[in-house]
Amino acid sequence: MLLFRSERHVDRWCEQWGRQRGGTLSLAQGWKLAQLWYGDRLSTKWRPKAAAEAESVFRGVGLVGEFWKLTR
Amino acid sequence: MSASKILDQFDGRLRLFVYRYFLRRGRCPAVSEIAKAVATTIPKVRASLARLSESHAFMLQEDGELWRVAPFSAIPTAFPVTVGRRSWFGNCIWDALGIPAMLGKDARISAACGCCNLAMPVTVKGGRLLTTDGIIHIAVPARDWYKDVAFT
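Sequence order for the protein chains is A and B. Going by my numbering, the first sequence opens with residue 118, and the numbers climb by one from there. Going by my numbering, the second sequence opens with residue 15, and the numbers climb by one from there.
Quick caveat, the hints were computed from the structure, so don't treat them as lab data. Take these hints with a grain of salt, some might be off.
As the list claims (entries may be wrong) - Quick partial rundown of chain A residues pointing at chain B, CB under 7 Å, derived from the structure:
id, residue
1, Phe121
2, His126
3, Thr141
4, Trp185
For every residue, glycine included, the Cβ atom is placed at its ideal position computed from N, Cα and C.
This is chain A alone, in the form it adopts within the complex (with noise of 0.2 Å):
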């Protein structure tokens, strides 16, 4: 998971590496999700997240679609 420049960047990246495009957000929504994701780490009661849980905080940032799924 790499920042990058501009879109352009990001393909000029793809195509060095010979990978398909994959996922991308906005920086402002990788500050969410990391928001959602981590802040109650160091809590007692953290566990870790079930499959549609991790999903639910997808779609909380806006992150929704085949690429963004692990339930089947």
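Using the hints, position chain B against chain A.
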């Protein structure tokens, strides 16, 4: 109390010890250091770390030492995160953002463009992201993230 409940409590205690050690010392504890600190044996620590790694929140190196204590990386990466006078490494940009998110602290992430390596410092202050430019690319679909974490 069931055996699994006892194991849960032990794993939880060990998990928090590792995080607190990371926060206090700025580095990951070795398995032997964990065993000494929680007054148990190295095999019991290894078994607990294996269970904690099932969720991928922790991940182990081939030698059994910790590699990932999400969002921290036990080894240097291209995502150094500075909080006050302390610094750690995130495993990726998501995890680097996860460090100030987890701590609720201001931070500076010394990131760079994955393509051309141009410096792209990211600043978090007062719970807000001050840097707006930048696109995060995730190379593989979510359900395949842990097939090759280093590439993801």
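Here is what the structure says about each hint:
{"no.": "1", "hint": "Phe121", "verdict": "5 Å, holds"}
{"no.": "2", "hint": "His126", "verdict": "4 Å, holds"}
{"no.": "3", "hint": "Thr141", "verdict": "5 Å, holds"}
{"no.": "4", "hint": "Trp185", "verdict": "5 Å, holds"}
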